[in-house]
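Which chain is which? The protein sequence lines are A and B, in order.
Just so we're aligned: the first sequence equals residues 1 to 117 in the numbering used here.
Just so we're aligned: the second sequence equals residues 1 to 283 in the numbering used here.
Keep in mind that the hints were calculated from the coordinates and are not lab data.
Mixed in with the good hints, there may be bad ones.
[Stated by the list, open to error] In silico BS3-like pairs for lysine-lysine, Cα to Cα no more than 27 Å straight-line: (1) K100(B) - K30(A); (2) K194(B) - K67(A); (3) K265(B) - K30(A); (4) K100(B) - K194(B); (5) K150(B) - K67(A); (6) K225(B) - K30(A); (7) K91(A) - K150(B); (8) K150(B) - K4(A).
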Amino acid sequence: MSLKVVYLDDEPELCTLFEEMFSSGNVIIKTFVDANAAIDYVRINPPDIIFLDYRLRQTTGVQVAIKMDNLIPKILVTGDLTEEFSGDFFKVFHKPILNTQINELFTQLIQQQKITA
Amino acid sequence: MSFQKIKIFWLEAFGSAECDSDNLVLTLSGTCQDITELVLIEEKSKLERAKAQHSAKLASLGEMAAGIAHEINNPLSIISGSAQLLEQYANNPEKLFEKKLSIISATERISKIVYGLRKFSRTSYKNKYSIKSVSHIIEECLILTDAKAKRHSVALIFNKVSDSNVECDEIEISQVFINLINNGIDAAMSQDEKWVQIKLFDFEDHIIIRFSDSGKGIDTNVIHKLFQPFFTTKNIGEGTGLGLSIAKGILDEHKASIELISAEKNTCFEVKFKKNEVNAHVS
């Protein structure tokens, strides 16, 4: 059983890095630089967790989260100094994200998947 | 031992001689005026202007801090992620090279931003004039204001038709340009069409920079107050109102000018530098 992850960031290189760093047999990552493409994909292929960059072209991660299924846990990723964000987010990660933060989260989620399976 | 208090006076003296046809001095006349108070007022005014400029710099810096943090954190994330992957790709020269290039490119991005911040670091009141490319100054200002523009989905358009240089204090002129660009972003961000355009061109013996935005324009009732200290059209907490009066003061010192071009459909501020013999074109 694999963890399905969607990552949205308008910085293409960060999408590539996220996929390179965290893809594995247990974790399948789909990345997007375009918010609308991500929204359409999630509607058809709901993932287990969604990472949303806060600052996107023409919109924000908060606005994108509103347009996605509210039952899918979302993590807001931001390079801003702001501490508070509106919206219902599972966690907020500040850039640069630490590997350990993501690995711990994925391990926890995979364990939960095994328990509920 | 006793010390007497020394008081300094400033005197202005004029003298002239009246001579006959043989250039022999007939009379000497002159005036001597105590201008101490005038000089002290001028010195105090210079100091107050410098303090106000410093406050305006801090205000601008505060406004940009959040955007700058974001612009630094993204390349920092690229460096961090790429560095962590180097071990994974130890036996893959192509991937190693790719990650090395990513790190270098991201480092350059951060360097540009930090270099631009030096404009706000100087505290000396002395002006440092040197010959600078106007387009280069504008490009550096755009790097610093780009984060705020992106945040509000405002397009920054630079239309350059001049390679002229000016003799100026680059840091002060940058502050003027950043203020004008930020004002444009503030005006444009609530509109359906969001843009700020900077046009650089030469006209006769002047170098002209026009800052326009897609905002709703300036109320004709307040146009005459625009360059007054502390005047602002923004809501409380959104601006200090120091920007335009400080900008005018800086430009006055540079023997340049700033005015609102009423004939333009959109809000348009025009900054004008006079060309002189030092305005050589960039080779």
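State the violated hints by number, sorted upward, taking the hints as numbered earlier in the document.
Violated hints (numbers, rising): 3, 4, 6 and 8; every other hint is consistent with the structure.
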